[in-house]
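Protein chains in written order, with UniProt numbering: chain A, 1 to 409; chain B, 1 to 409.
Among the clues, some could well be false.
Identical copies go unnamed one by one, so any copy, or any two together, can satisfy a pair.
To be verified - List time: in silico DSS-like cross-link candidates among lysine-lysine, alpha-carbon distance up to 27 Å: (1) K25 / K55; (2) K120 / K110; (3) K120 / K25; (4) K388 / K317; (5) K55 / K20; (6) K221 / K335; (7) K24 / K55; (8) K110 / K165; (9) K110 / K55; (10) K335 / K55; (11) K188 / K120; (12) K110 / K327; (13) K110 / K221; (14) K359 / K339; (15) K120 / K24; (16) K188 / K388.
These aren't lab readings, by the way, just hints derived from the structure by calculation.
2 protein chains.
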Amino acid sequence: MSLIVQKFGGTSVGTVERIKAVAKKVAAFREQGHDIIVVVSAMSGETNRLIDLAKAMQAVPTPREMDVLVSTGEQVTISLLCMALHDLGQGAKSYTGTQVRILTDEAHTKARIRDIDDAKIREDLAAGNVVVVAGFQGVDENGNITTLGRGGSDTTGVALAAALKADECQIYTDVDGVYTTDPRVVSKARRLDRITFEEMLEMASLGSKVLQIRSVEFAGKYNVPLRVLHAFQGGPGTLISLEEQSDMENPAISGIAFTRDEAKITVLGVPDTPGLAYQILGPVSDANIEVDVIVQNVAEDNTTDLTFTVSRGDMAKTEAIVRNLVKQTGAREVKTDDKIAKVSLVGVGMRSHAGIASKMFKTLAEESINIQLITTSEIKISVVIDEKYLELAVRSLHTAFDLDSEPSI
Amino acid sequence: MSLIVQKFGGTSVGTVERIKAVAKKVAAFREQGHDIIVVVSAMSGETNRLIDLAKAMQAVPTPREMDVLVSTGEQVTISLLCMALHDLGQGAKSYTGTQVRILTDEAHTKARIRDIDDAKIREDLAAGNVVVVAGFQGVDENGNITTLGRGGSDTTGVALAAALKADECQIYTDVDGVYTTDPRVVSKARRLDRITFEEMLEMASLGSKVLQIRSVEFAGKYNVPLRVLHAFQGGPGTLISLEEQSDMENPAISGIAFTRDEAKITVLGVPDTPGLAYQILGPVSDANIEVDVIVQNVAEDNTTDLTFTVSRGDMAKTEAIVRNLVKQTGAREVKTDDKIAKVSLVGVGMRSHAGIASKMFKTLAEESINIQLITTSEIKISVVIDEKYLELAVRSLHTAFDLDSEPSI
Numbered sequence: 001m002s003l004i005v006q007k008f009g010g011t012s013v014g015t016v017e018r019i020k021a022v023a024k025k026v027a028a029f030r031e032q033g034h035d036i037i038v039v040v041s042a043m044s045g046e047t048n049r050l051i052d053l054a055k056a057m058q059a060v061p062t063p064r065e066m067d068v069l070v071s072t073g074e075q076v077t078i079s080l081l082c083m084a085l086h087d088l089g090q091g092a093k094s095y096t097g098t099q100v101r102i103l104t105d106e107a108h109t110k111a112r113i114r115d116i117d118d119a120k121i122r123e124d125l126a127a128g129n130v131v132v133v134a135g136f137q138g139v140d141e142n143g144n145i146t147t148l149g150r151g152g153s154d155t156t157g158v159a160l161a162a163a164l165k166a167d168e169c170q171i172y173t174d175v176d177g178v179y180t181t182d183p184r185v186v187s188k189a190r191r192l193d194r195i196t197f198e199e200m201l202e203m204a205s206l207g208s209k210v211l212q213i214r215s216v217e218f219a220g221k222y223n224v225p226l227r228v229l230h231a232f233q234g235g236p237g238t239l240i241s242l243e244e245q246s247d248m249e250n251p252a253i254s255g256i257a258f259t260r261d262e263a264k265i266t267v268l269g270v271p272d273t274p275g276l277a278y279q280i281l282g283p284v285s286d287a288n289i290e291v292d293v294i295v296q297n298v299a300e301d302n303t304t305d306l307t308f309t310v311s312r313g314d315m316a317k318t319e320a321i322v323r324n325l326v327k328q329t330g331a332r333e334v335k336t337d338d339k340i341a342k343v344s345l346v347g348v349g350m351r352s353h354a355g356i357a358s359k360m361f362k363t364l365a366e367e368s369i370n371i372q373l374i375t376t377s378e379i380k381i382s383v384v385i386d387e388k389y390l391e392l393a394v395r396s397l398h399t400a401f402d403l404d405s406e407p408s409i
Numbered sequence: 001m002s003l004i005v006q007k008f009g010g011t012s013v014g015t016v017e018r019i020k021a022v023a024k025k026v027a028a029f030r031e032q033g034h035d036i037i038v039v040v041s042a043m044s045g046e047t048n049r050l051i052d053l054a055k056a057m058q059a060v061p062t063p064r065e066m067d068v069l070v071s072t073g074e075q076v077t078i079s080l081l082c083m084a085l086h087d088l089g090q091g092a093k094s095y096t097g098t099q100v101r102i103l104t105d106e107a108h109t110k111a112r113i114r115d116i117d118d119a120k121i122r123e124d125l126a127a128g129n130v131v132v133v134a135g136f137q138g139v140d141e142n143g144n145i146t147t148l149g150r151g152g153s154d155t156t157g158v159a160l161a162a163a164l165k166a167d168e169c170q171i172y173t174d175v176d177g178v179y180t181t182d183p184r185v186v187s188k189a190r191r192l193d194r195i196t197f198e199e200m201l202e203m204a205s206l207g208s209k210v211l212q213i214r215s216v217e218f219a220g221k222y223n224v225p226l227r228v229l230h231a232f233q234g235g236p237g238t239l240i241s242l243e244e245q246s247d248m249e250n251p252a253i254s255g256i257a258f259t260r261d262e263a264k265i266t267v268l269g270v271p272d273t274p275g276l277a278y279q280i281l282g283p284v285s286d287a288n289i290e291v292d293v294i295v296q297n298v299a300e301d302n303t304t305d306l307t308f309t310v311s312r313g314d315m316a317k318t319e320a321i322v323r324n325l326v327k328q329t330g331a332r333e334v335k336t337d338d339k340i341a342k343v344s345l346v347g348v349g350m351r352s353h354a355g356i357a358s359k360m361f362k363t364l365a366e367e368s369i370n371i372q373l374i375t376t377s378e379i380k381i382s383v384v385i386d387e388k389y390l391e392l393a394v395r396s397l398h399t400a401f402d403l404d405s406e407p408s409i
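Excised from the complex, chain A in its bound form (with noise of 0.2 Å):
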C-alpha cells in the first residue's frame, strides 16, 4: 500500500462531469487500497473571473484581499469534489490551506511554503478518507490567507507529498507524459517513461510547458518522485525522478526543447576592454528584461563582438537602450534579428557520451542549417539557429539521436 499525491489541474476539474470523473479515477485508485491525497486547483475560468472583479474594484487590488478572494475558486472544488466522491460511496473531507495549516510566509501573492502540519491529514488517511486538498492557498502565521502564485498547485502537491513522504505525486494533466520532443513539430516524438529533474527542469524551461519549473525545483530539492499523467486517458506517463536510468539504457540525450520567443542583438566591433560586457549588459538588466543567451567573440583588431538573445517582446526596448550606448562604448554597429530559434539537446546522458555536440553541429551541417550560437552547459547543448529551419532541425536531430518511436507493426 503506498501513498499517493494526486494534482488536478483546473482542466480536469473544469465541469461538474469532469470533477465527477475525477471522483471516480479517485476512487477506484482508493478500492486499490491506497492511500490518496487529493489536491484540485479553481475550475478553469473560475480564477480569471474572479480576478475580473477584483479589478473592477481597483486598479491593483490590495494583495492580502486578492488571497482571500482567489483563494475561494479551490474552496469550491475540494467540496465539490467530496461531494462527488461521497457518491460513490467514497469517504472523503476537505481542506483549505488554513485548515491543513499549509504554513507559508506573508507574502500575499506569491507565498512561499514553509511549513506544513500533518496530523489531521494523518488521522483521516488511517480513518480511510480520501484527503481533499486546495492547491495553491496556505496562511501566515497571522492567520491571512495566502497564495503561491499562478499555477501553484503543482506547488502544493508536492509539498505535501514531501511532508507525509508519499511514495508519489501524481501530476494529472492533459498530456500523457513528457515528450522527446513537441508531438506537433515532429510526428515521430515518444513519450519517455522516465527523466531526471535535472533534464525535466531544462525541457520545462524551454517550452515543454507540462509542468511547473518550481514544482520540479521542490520535488527535486526533496526527491519526491513526480508523475505526469493524462487525466482522463490511461498509460503510466512519465515518471520524474531523481535517478538515471542504468548506463546500459542510457540515451545520449532524452529529448529536444525548441524556442521560437526570442530575439538576437549583436553589437558588433566593440573595443576589447575589460568590462566591456557589464557595460553593455548591466543597463538591460536594469530594465528588467531577462537575457538568456549570451556570446562573446574575440576578434581579430581588438575588437569584440557581443550577442545575446532576450525575449521577442523586449527586442524593441533592448535595442533603444544598446544604441543608446553604442557612443559611450565606441561599438561600431548594433544589430537585431527577431527571425530566430533556439533548439536544445537535453540529456544527462551527455555526462558519459562523448561527441554529442559534433553530432549535432554534424547532423545540421547534412541539412545545411547555420549555427549563429552555441551555448552549452552540462546537460545542455543549445543552438540559434534562423527561424525557418527549425521545424528541420528538430526533425533530423530528434532521428539522429534515437528519438523517434519504433514504428508501429
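Please build the complex by placing chain B on the supplied structure of chain A, with the hints as guidance.
Just chain B, lined up with the frame of chain A:
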C-alpha cells in the same frame, strides 16, 4: 463616537456597482468618526449558483462540504468590498468566520453561534480600519467551516454587535423601514420610527419579511438596538429596541400584519371527550405539518367543532390525515377552506389600552366582514376572514386605529 455594525444583504452587494456604492456609504460613515464593522452576504444569485453545483454532485450534499462550498460566497464579497474601500483611500480588512473566530456548534448548515473572539477586530478598529466580516458563517471547535443557515447574515451582524457592545446594528435592505402594514395594500401605510422587539417578532412572523426572526430574537435577548434602513436611499429607517415609547404618545397598536398563506380545516361534531384535540392534531404534527391558529368551540349536543389553520401548501396532506381520523374520533364532517386570510393587530400598547378587540370587531362589522376565527395574545389580536375582504379589512382597520399617514400639504 459610536461603534456601529452595518449589515448589507445579497441584493445590496449584488453587482460591482452596488459594492462600490456600499463602499462609499461605509466610508462616509467612517469619516463621521464612527467605528464601523460591516457584515456582508454573498452577491445575490451566488449562493443559489453554488447550491446548484452541489446538487449536481450529490442528491443530498454532505452538510460539512456544503458549508465549505457556500461559505465562499461571502468570502468573495468581503474581499471585493475591502478593495473598493481601499480604492476610496479607506483602510479596511476582511475577515472570514474562521478568521474572526466566530465559534459555533457543529450543526452544519444550521449552526448556532457560541462565542465571538473580538481581539483582532478591536485591534483593527483601533487602527482606524473598517472591519469587513463575512456573514452567515463560523467555525466549530475542530476548525470545520459552519454556516448559520439562510439569512444568517443578519444573525452575524447582531451577534457581532452584542459581542462588541455596539451602539447600534444597522440592517440595510431594500425597504426604508418597518411599516404599519404593507404599503402595497394600504397606500397610507406609514413608516414606523420605532418598534419593540416583541412587536417586530409578531410583525415578522406574520408577513412583514424585513428581518430574519432569529436575528430579532437574538437582538432582543442581548438588547442590541436594531435599525432597518434602505441600502441606497437616505432616511432614518425604523429603530427596533427594548424601549416602548412614553405612555402618552404610545399608540394603541403599532401595525397590522396579514397573510394569505393559510388554509382552514374544520372538524365538525366531534364527541366532546378529553384528549380530543391531541387525537386530531397529534397525527398532523407527526407529519411535520405546522399548525397556526387553533380554535375549539363548545357545541350544545355534547359534541364540539375543532378548527385549525395550516400553511396552504399543506392543506391536501392535512385533509387526508384528518379524514382518516373521522371514524375513530366519531366526528360528523370535515370541511376545508383555502380562501381565507388572517389579519392581526400588533402593539405593546394593547397592554395599556382597553377595548382594542371590540373596536376591531366593530370596525369589521361596519364593513359587513364576517369573522371566522379569533385568537389573541398579549400584544396581538388575529382574526381569520374570507380572503376577498382582506384589503378592505386592513384598510379600514388602518384608518380606525389612526395609523394612516398625515396628509401631505
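For each hint, the structure was consulted:
In this homomeric assembly, K25 and K55 come within 27 Å of each other (Cα to Cα) only across copies, at 20 Å, whereas the closest approach inside a single copy is 37 Å. With identical chains, the CA atoms of K120 and K110 are at most 27 Å apart both within one copy (25 Å) and between copies (24 Å). Taking the shortest Cα distances, K120 and K25 sit within 27 Å of each other inside one copy (24 Å), while across copies they are farther apart (43 Å). With identical chains, the CA atoms of K388 and K317 are at most 27 Å apart within one copy only, with a shortest distance of 24 Å there and 79 Å across copies.
Within a single copy, K55 and K20 get their C-alpha atoms only as close as 32 Å, which misses the 27 Å cut-off; across copies the closest is 12 Å, which meets it. In this assembly of identical chains, K221 and K335 lie within 27 Å of each other by CA distance neither inside one copy nor across copies; the values are 41 Å within and 80 Å between. Only between protomers do K24 and K55 lie at most 27 Å apart by alpha-carbon distance; the minimum there is 17 Å, versus 37 Å within a single protomer. When the C-alpha separation of K110 and K165 is checked against a cutoff of 27 Å, the pair qualifies only within one copy, where the shortest distance is 25 Å, while the shortest distance between copies is 38 Å.
Taking the closest pair of Cα atoms, K110 and K55 come within 27 Å of each other only inside a single copy of the chain (18 Å); across copies the shortest separation is 34 Å, beyond that limit. With identical chains, the CA atoms of K335 and K55 are never at most 27 Å apart, being 40 Å at best within one copy and 62 Å at best between copies. Taking the shortest Cα distances, K188 and K120 never come within 27 Å of each other, neither inside one copy (47 Å) nor across copies (61 Å). With identical chains, the CA atoms of K110 and K327 are never at most 27 Å apart, being 41 Å at best within one copy and 75 Å at best between copies.
For a Cα distance limit of 27 Å, the shortest separation of K110 from K221 inside one copy, 19 Å, qualifies, whereas the shortest one across copies, 46 Å, does not. Taking identical chains as interchangeable, the C-alpha atoms of K359 and K339 lie at most 27 Å apart only when both belong to the same chain, with a minimum of 25 Å there against 95 Å between chains. Taking the shortest alpha-carbon separations for K120 and K24, only the intra-copy value of 24 Å comes in at or below 27 Å, while the best inter-copy value is 43 Å. For a Cα distance limit of 27 Å, the shortest separation of K188 from K388 inside one copy, 20 Å, qualifies, whereas the shortest one across copies, 82 Å, does not.
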